[in-house]
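Chains as they are written, first to last, in my numbering: chain P, 1 to 346; chain S, 1001 to 1380; chain C, 2001 to 2264.
Simulated from the structure, these hints should not be mistaken for lab results.
You may find that some hints are simply not true.
To be verified - Here are the computed lysine-lysine pairs in the BS3-like style, where the Cα-Cα straight-line distance is at most 27 angstroms:
{"id": "1", "chain 1": "S", "residue 1": "Lys1044", "chain 2": "C", "residue 2": "Lys2183"}
{"id": "2", "chain 1": "P", "residue 1": "Lys191", "chain 2": "C", "residue 2": "Lys2174"}
{"id": "3", "chain 1": "S", "residue 1": "Lys1137", "chain 2": "S", "residue 2": "Lys1191"}
{"id": "4", "chain 1": "P", "residue 1": "Lys337", "chain 2": "C", "residue 2": "Lys2252"}
{"id": "5", "chain 1": "S", "residue 1": "Lys1022", "chain 2": "P", "residue 2": "Lys291"}
{"id": "6", "chain 1": "S", "residue 1": "Lys1107", "chain 2": "S", "residue 2": "Lys1137"}
As the list claims (entries may be wrong) - Computed beta-carbon distance windows for the label pairs:
{"id": "7", "chain 1": "C", "residue 1": "Ser2068", "chain 2": "S", "residue 2": "Asp1305", "range": "25 to 31 angstroms"}
{"id": "8", "chain 1": "S", "residue 1": "Asp1305", "chain 2": "C", "residue 2": "Arg2156", "range": "45 to 51 angstroms"}
{"id": "9", "chain 1": "C", "residue 1": "Gly2056", "chain 2": "P", "residue 2": "Leu200", "range": "24 to 30 angstroms"}
{"id": "10", "chain 1": "P", "residue 1": "Pro192", "chain 2": "C", "residue 2": "Arg2018", "range": "50 to 56 angstroms"}
{"id": "11", "chain 1": "C", "residue 1": "Leu2197", "chain 2": "P", "residue 2": "Pro75", "range": "54 to 60 angstroms"}
{"id": "12", "chain 1": "C", "residue 1": "Arg2189", "chain 2": "P", "residue 2": "Ser134", "range": "47 to 53 angstroms"}
{"id": "13", "chain 1": "P", "residue 1": "His242", "chain 2": "S", "residue 2": "Lys1271", "range": "37 to 43 angstroms"}
What the hints assert, rightly or not - To give a feel for the contact side, a few chain C residues facing chain S, derived at Cβ under 8 angstroms:
{"id": "14", "residue": "Pro2071"}
{"id": "15", "residue": "Arg2074"}
{"id": "16", "residue": "Glu2075"}
{"id": "17", "residue": "Ala2078"}
{"id": "18", "residue": "Tyr2190"}
{"id": "19", "residue": "Ile2191"}
{"id": "20", "residue": "Thr2192"}
{"id": "21", "residue": "Leu2193"}
{"id": "22", "residue": "Ile2196"}
{"id": "23", "residue": "Leu2197"}
{"id": "24", "residue": "Glu2200"}
{"id": "25", "residue": "Ile2204"}
Just so it is clear, the structure is predicted and the values come from calculations on it, not from any experiment.
Here a beta-carbon is modelled for each residue, glycine too, at the ideal position from N, C-alpha and C.
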Amino acid sequence: MAVNKTVQSKIWVFTEQRQGELAEVGLELLGKALELAHPAGWKVASVLVSHSLENGLCEQLLSFGADEVLVAHHPLLSSYCSQPYAKILENLIREHNPEVFLLGATAMGSDLGARLAVRLRTGLSAHCIGLELSPEKKLLAVVPGWGGNVLARIYSPHTQPQMATVMPGVFDMPQEKKTTGRIVAVEVNLKPEDVTYRILETKREAIQEHALERAEVIIAGGWGIGSKEDWQAVENLAEVLHGMVGATRPPVDEGWAKENQMIGQSGRTVHPKLYIGIGISGEMHHMVGIKGAEMMVAINQDPQAPIFAQCDLGLVADFKEIVPQLIGSIQNYHKTKQKDDSDLSH
Amino acid sequence: MDFKLSEREELLRKTMREFAEKEIPPRMEAMEETGEFPVDLLKKMGDVGILGVITPQEYGGTGMGNLARIIILEEMGRVCPAIPMALQVHHMATHALNKFGNEEQKKKYLPPLAKGATMGVVAVTDPSGGSDVAGIKTSAKLEGDNYILNGRKCFITNSHVSDYWVVIARTGEGGRGLSAFIVEKSFPGAKPGRKENKVGLRGANTGELVFQNCPVPKANLLGHEGEGMNIALQNIVEAGRPGMASVALGILNAVLEQAVKFANERSLYGKPINTLQAIQWHIAEIYADLEISRLLVYRVGWMRDNNIRSDTESALAKQFACEAAARSARKAIEIHGSYGIMKEYPVQRLLRDALVTIPAGGTGEIAKLVMARHALGMFK
Amino acid sequence: MQIIVCLKPVPDPKHWHRLGLDPQTKTLIREGIPNIINPLDRKALEAALRLREKEGGEVVTLSMAPSSAMPVLREGLAMGADLSILLSDLAFAGSDALATSYIMATAIKKMAPYDLILCGNQTLDGSTSLVSAQIAEFLDLPNLMHVSAIEAQKSRVFHVRSQIEHGYMLVEIKAPLVLSVAKEINEPRYITLMNILEGEKKEIRVWSSKDLSLSEPWVGLKGSPSQMADLFIPEAKKKVEILQGDPSEMTKTLADRLHRMGYC
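Next comes chain P alone, as it looks inside the complex (with noise of 0.2 angstroms):
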């Protein structure tokens, strides 16, 4: 295998790409790779597999302060396949010895990041939420263990490299900054024995609609809402983020809510990946009724509601002013990736 230049960068970042597009972790966990690796006076490389040079990505990698972007390609690395990427990084980290090896806690970066630390018979924390170097410059990993109520750090400290997958949105995307790095083009050889499957078909569909227990994105509304014309912001902000209405007793009391939408200790008990409470004061008796939201967000205009001591983000404001801004950032949001889905060649 072919090396044009020297590799320098002590970690290596899995900066994943599916059909021309790069996942927004591997520019996050970039930015946290920069974070660890300066104190360390280390450097930091973006690892791009695909299957031509990808300048575009490249040039969009540097700009987000990777110091190298090494570039694996071949024309049978269209798709992704396990087996053929596992090995083609297997070999470029045999090569150079990075410390440390992150990748995205995505489908592709838990499959991949696994069968490599098998290849490389070393440690991997799966599903950081966390990472830390320590003062012997060893990768410490925040991993949640039973499903959230306890932590651990886990580090590996007889194998090399240092690898760990990190979830989406644990680390904030960096600023872009002037391109100071380089380009490092990586030849590779590749069989079509190697690639052991074949994708026939790719697709992108819209969110399916659950029942409301089942539904991983509700929007609740309670008394602060006020008004039944007001209701509306709610349903509307619930549409706008393929969820659900959920709703305290008052709502549905005044009719604004129909009662198998209200949820609490006497109405349903949710699960929500993400719950955004409006108007709704925290009292206990809806509260106890959603059960290990990962998102808890609390719009309300009383800053002593008790929803703020038991929520992830707060917003203390009047909602009139929230929710309509909101509903419209969020369709630009999804503008945005409908045009992008219809150029994606498939």
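Chain P is fixed; fit chains S and C onto it per the hints.
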């Protein structure tokens, strides 16, 4: 003495709990409103084996036995007590047929009952009073090849969802003049009558059965003429009382769970109310009632499975468990404060359910007569 | 079709509130907490049973667990598996994902020939979701994760639907292979009373380290590349972030956060 459940029983409890938690809640609102049993659930219950638990395998059941039956009823009852109320009467029918039926009768009636083609009924109570079995007036006069039945049975569970009824009727004089019959709803002159509107255990359909010159073939005499009282008593001791007690066990489970959850989550004076001693005492008493009832009922299941006579133990288990369910549900309501008397909260329904278990399947007073008779004979 | 299903017993989530952390050994106190079959593994087993119903063959479950896990394995047999193999040895204790995958792959080699190895995508406890892909790598087999549909075609070919972000891929892949299933794949059947009785007649075969040719050192706590530096229960009080700025700024921050988490 081994107080542990076997691996089989633990696995049974696990699978029954899963079934109950998935299948019953979507139907509960309609049950509470209409008082109707969800018959669409019957086939699923048949497939899983709930209906034929005390029916031998050669007749389509599993023969897993009486302790298994109790566990099934308890787990169903923990979710919705009306369901095991209906099931336990169904089992009473399978018990009577299996114990007293001849080969043809067993082959004809047990398999469809095990599969869930229909529910079973045991009809003892005349308007003259269920506690006075010897006072039964429903008559069965032999005329040629048929017994002609006339009369009414009331407060019969599964009256309107069953095609096969085990009916106790009078063929002669006095207590020894009663006989048992298998009556099919399709027989002319047999039909369900009025439906009752109970305050609790709604979803277990209760109603009347009416017989007007209903011809019952001789082949459908269950056991011998004059054996009716004996069949009724054994049926209530071996199947009816443990069954009702299991319904109460289900209620007790639900009561404790709801009381504990509420006490752990509700705050007063800045702390959860589970820190208050008065609440702790209520919880302790409910816990004790559950544990004691469970031991009494499981013991009956064990005695039945080992063919040990259990008249007194059955009476004790039924009387104690049903009373315990009612008093514990009452305590749970008090733990809930004003929420406890609101219809949206399930705890009030549990008290209503428990109240219905007290007279059903034999009154507490009769049970105490049984216990007194036994205790008085223990010492000179 | 010869199918191996990896089953992991995990503590019942309904009892997790009773979990305690031993401050000295930094291990979780698992006493008195009953186990269940990891829910996704149960779906993997259901998928195997449905394939067996269509194509014929045998379904064998494989588990690495202490012998106290046997009631859970018996449940797998009640569900319909033909045989259960339990890898149980004190030496296996403390194995991380790599070691676990190595031990299980070694056992699977002994169970050859096979067509399909099925796993659940992740477990409720630990939840690394690494094991299925790592078993595949140790056995040098192709694998797919997040599988939501499996269809057997002719000549040992499968058409498999594998979920990706906001969609799925439909893949053609050949046996022998490893698949790990996602929750969309099926609703497992109820275990009937008859199943319970039938399950009691089937075998749970126990293998220890001496029954396996474990030539590499990836076994047990000592053989695990990943080590735990620290274990801690996060504070019950949530870290609440109250957004700053005027409503317009707050909205922008919220919209951006939602977008990056994948909600829009």
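* Verify the interface restraint on alanine 2078(C): the C-beta must sit less than 8 angstroms from at least one C-beta of chain S. => 6 angstroms, holds
* Evaluation of the interface hint that places leucine 2193(C) against chain S, nearest CB under 8 angstroms -> 3 angstroms, holds
* CB-CB spacing for aspartate 1305(S) and serine 2068(C) relative to the 25 to 31 angstroms hint -> Roughly 27 angstroms apart at Cβ, these two residues keep to the hinted range, so it holds.
* Does the alpha-carbon distance linking lysine 1044(S) and lysine 2183(C) stay inside the 27 angstroms limit? -> 23 angstroms, holds
* Are proline 2071(C) and chain S close enough, Cβ to Cβ, to be under 8 angstroms, as the hint says? -> Holds - the Cβ of proline 2071(C) comes within 8 angstroms of chain S, reaching about 5 angstroms at its closest.
* Asked: Are lysine 1137(S) and lysine 1191(S) close enough, with their CA atoms no more than 27 angstroms apart?
  -> It holds: about 18 angstroms lies between the C-alpha atoms, which stays within 27 angstroms.
* **glutamate 2075(C) as an interface hint toward chain S, with CB separation required under 8 angstroms** => 6 angstroms, holds
* Asked: Hint check: is the beta carbon of glutamate 2200(C) less than 8 angstroms from a beta carbon of chain S?
  -> Because about 7 angstroms separates glutamate 2200(C) from the closest Cβ in chain S, which is inside the 8 angstroms limit, the hint holds.
* To do: Would you check whether threonine 2192(C) satisfies its interface hint, that is, whether its CB is within less than 8 angstroms of any CB in chain S?
  => At about 5 angstroms, which falls below the 8 angstroms cut-off, the nearest Cβ of chain S leaves the hint on threonine 2192(C) intact, so it holds.
* C-beta pair proline 192(P), arginine 2018(C): status relative to the range 50 to 56 angstroms that was hinted -> 55 angstroms, holds
* Asked: Does isoleucine 2196(C) meet its interface restraint, that is, does its C-beta lie within less than 8 angstroms of any C-beta in chain S?
  -> Hint on isoleucine 2196(C): holds, closest Cβ of chain S at ~6 angstroms, below 8 angstroms.
* Agreement of lysine 337(P) and lysine 2252(C) with the hint, judged by alpha carbon distance not exceeding 27 angstroms -> 18 angstroms, holds
Hint compliance for this structure: hints 6 and 25 are broken, all remaining hints hold.
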